[in-house]
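Enquirer: Chain B: place on chain A using the hints.
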Amino acid sequence: MRTLKRFVNRLGAWATRGQDEERLSAEIEEHLAQETARNLGAGLSPDEARRQALLSFGPVEAIKDDYRAQRGLPFIEALFQDTRYALRRLRNAPAFTLAVVLTLALGIGATTAIFSLVHAVLFKSLAVENPAELYRVGKVARCCYWGGYSQDEEFSIFSYDLYKHFRDNTRGFAALAAFQAGGALFGVRRAGVAEAAQGYPGEFVSGNYFAMFGVRGYAGRLLAPADDQPGAPPVAVMSHRLWQQRYGSDPSVVGALFSLDNKPFTVVGITPPGFFGDKLRSIPPDFFLPLNTEPYVEADADLNNVDTYWLDLIGRIRPGLASASVEADMRVELKQWLRSHWADMSANDRVKFPEQTLFLRPGGAGITAMRDEYEHWLQILMMVSAFVLLIVCANVANLMLVRGMERRQQTSLSMALGAQAWRLVRQALTESLLLSLAGGAAGLAVAYACTRLILRFAFPHIAGMGSVPISASPSMPVLLFAFGVSTIAGITFGIAPAWTATRVDPIEALRGAGRSTARTGSLPRKSLVVLQAALALVLLAASGLLTAALRNLENQDFGFSQDRRTIARIDPSLTGYQSDQLTTLYGRIHDSLASLPGVSDVAVAQYSPLSGNNWGAGVWIDGKPLPGPHDDNLASWDRVTAGYFNAIGTRIIEGRGITDRDRADSQLVAVINQAFARKYFQQEDPVGKYFGRTEMQSSRVYVVVGVAEDARYVHSAFDKPPGPFFFLAEPQHEVFPNSGKDVDPGSHFLHDIVIVTRPGVRLTSARVRQAVASVDPNLPIISIQTLAEQVDGQFRQQRLIARLTSFFGILSLVLASIGLYGVTAYNAGRRTGEIGVRMALGASRTQVAALVLRGAFALVAAGLMVGLPLALVAGRFLGSQLYGFNPYDPAVIVAAVLTLGFSALVASLIPAIRASLISPSEALRAE
Amino acid sequence: MSETKNKTEVQQGTLALMVLKTLDVLGPLHGYGIARRIEQISGDLLAVNQGTLYPVLLKLEQEGSIASEWGASENHRKARFYRLTRDGRRQLRAETRDWEQTAAIIERFFAVKAEDLE
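If you're matching them up, the sequences are chains A and B in order. So the mapping is simple: this note's numbering equals the position in the first sequence, first residue as 1, plus 75. So the mapping is simple: this note's numbering equals the position in the second sequence, first residue as 1, plus 514.
Just chain A, with the same shape it has in the complex (with noise of 0.2 Å):
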């Protein structure tokens, strides 16, 4: 009780101290003089009355102390003192606490801002229920369409038949939902606006896909299985995200009626925010409709094709069920489809039948196409991080020690004054946490921003659409992480000192001040120069590496041109044009901007180079045999309108490229290029040779008028040239030889239009805009660039990985001069001593300038050595995936070794100069 009571007692005490602080004094002032006229009245002079007074009184400053240590909270006085302390510090210690400060900002918030992204991306469940329990079917996604009766590896897309089949088949799930693999563009308008049709995202999903998630309306209802058959009236879903955005959550839309590509859907209710669908995607989509509603909507129906492939699958297990026996029943039931359909399969489909099967997979991070697509960047940028966070702490224990060793001398004057060890140390310890406190706040607000900047330079906004549904926020472990790191490495290297210095005894500590030679110089420093240096040329290496590659990759000879070039997108199948409506509408099109002044040339495309898509063909060269099913025969196409090629800039080698002369009555010609050529006619010469499609099981459906100049289409495999491609006359329709039906109704509608401006013209969107609206008001535009930005939004994400690189190597290479120069002065002014003598013996300004670049060299030395194979490790690891990619690049490595050389030069030379300026006399005076 009572001492419950003194501690309460000494709380409230806490907030007197000042006036008992006054008390006290006063009290034994009093106390004293009492004491003294005591002693007066005995007989003793004032002085010695007084020295008598104090003799018994005891120690005034101890027992003032003591009184103190019962009074109040001595500890947090202590801490609150010591705080005090170090503020002021270093407050007089500006240019150390900014640096340290700014280091740990920058090395706390950068590896944050990476570690948080890379496990967003990389990690991110869906926004569903229970996302653990769900297994996808596919190991590796494949989009988005595929035909015939096998794939290679596993089966990973499937038909609308074949996901019934499973449905209906497979107890082992409780619910199994299909979607669409791609995605598709609807041209929505809402019902009584008049309005221009606007493009949207949109996915086609089974009608159990969001029971099966779990997932329930924010407004209105989700689909249902009633809505997903054949008949039913054709309802939609509406994304949060546009429903707040477009329409400003007006509740009005729910039970609205939308044209959907000119068909009327009703819109049935809003998804949750923060839902996006089954995979991440830069755009999710904004718009779900029933599977059944796809021949409704689209021109080429996929849903009634047994095999056409265009579903993903996703379904929960029922508990207690292991994934192995559902996938073992599941590889049965795909057999038995398949041989349901025997009489169909091609030659190829029946040998390869015995090869088929599927597997599963969690599925709580949905189908991760863009994670395989970004997985490789992320490793790298995370390893970038890695490096720089231990430089950082390299530069923080670098910093600190050099403050440690500047303090020694007060520690040691403390010390013999009386000080506490403890306390000393714990003085250096408050200081520790004090800049790791400030650099950790700083990093959390670095890390916002670069967590911000990334994910606009990786991931572009494209206006109006959505964007990826990955936070700015940075994961709190990850924080937590990067601030535990460069505190233990700021308190240890910060501690480290002031307990060496209070081991010492003060007199040796005092004594030895100013006086050392070259081996005393600090171990721990050096080698943290030396690491900091063997990081920095990794860096400059992995970053000039990098650029080089990038460098490459924009510069090749594409085989198009990109000036004066620009590419307007549409998407005629969102209005509704049939396919026999399309080329009259090119021809218009073509028309009204070709009058627009300035424009030298139109053509339309169904693909301009790297737009990021193209469609790909069985071929069967004629006189030649019928392709096995291991033969490689694929080649890419495009659907082109007369004189594309002089307008995308494709040289004709020989023969001719598309023209008038071929329309829908003529014979089906086809221009090939050179790798086209080069791989099926070899020496031959291919103009007036036929080949056909394996598809269309002939050999003789195009001849060949001419052959194009090879040129990057597909954005894939830039080490290798370009693969065979071949051309086809948007007006001229391939059908299949038994039905009639057209082969690829869907190719004619062409999506690029190209328009080549004259010299020195600029064209404006809106006047695009203004032409093509003259020729149909729906039709929307979905984008307009030239063809350059094209081009270069290809290498996004090659461009932000070389330029941080390149940032943290420059970043490094700073960090790493600034760690050198600081150990180069401080050796050399402890130096100063020995320098003196060597100048009075007779050595030179130049000899004595040498002496210390000599030792500032041995580290960048050692860093190099240590430096230079961990280079060449890292730019294997590297080049591994990367396009043009050459890791032993000598040219750059020099480069990079001559960076770090220069720099170490420049941040030694001035302790150098400085050291030779030494008057001897001043340094042998100078103790």
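Please note that a few of the clues may not be correct.
[Claimed, not checked] Computed list of lysine-lysine pairs in DSBU-like fashion (alpha-carbon distance at most 30 Å, straight line):
no., chain 1, residue 1, chain 2, residue 2
1, A, K139, B, K592
2, A, K80, B, K592
3, B, K535, A, K80
4, B, K535, A, K139
Since the hints were made in silico from the structure, they are not lab data.
Expert: Leaving out everything else, chain B in the frame of chain A:
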């Protein structure tokens, strides 16, 4: 000066007891007065610095055994006077009892001779 006797160190706990007893016997006193009285009573047998009194006074005040207030000393100077509280009186009585018991037991032991323990 006085004979150099071996002065005994005193523990803080016993110093507190002495303070309480002094205040009990002599009524409210200021710090200097308590120190002088303790010196007198112990007859210079105790080697205690007068100043060590003050932390003890603070501790007792925090525990509530004594209370203090400003007053005027003999030479009309401002001084802090301490007096015993009711709690303090109770504590004094309890500790006195404890000490007397302890002293009695020890005395018995000192009076024991070998024969008594047969």
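Enquirer: Are B:K535 and A:K80 close enough, with their CA atoms no more than 30 Å apart?
Expert: Roughly 22 Å separates the two Cα atoms, so the pair holds.
Enquirer: Taken at face value, is the distance from the CA of A:K139 to the CA of B:K535 at most 30 Å?
Expert: 25 Å, holds
Enquirer: Need the status of pair A:K139, B:K592: alpha-carbon distance at most 30 Å?
Expert: The given pair, whose Cα atoms are some 20 Å apart, holds under the 30 Å limit.
Enquirer: Holds or violated: A:K80 and B:K592, Cα atoms, limit 30 Å.
Expert: 29 Å, holds
No hint from the list above goes unmet by this structure.
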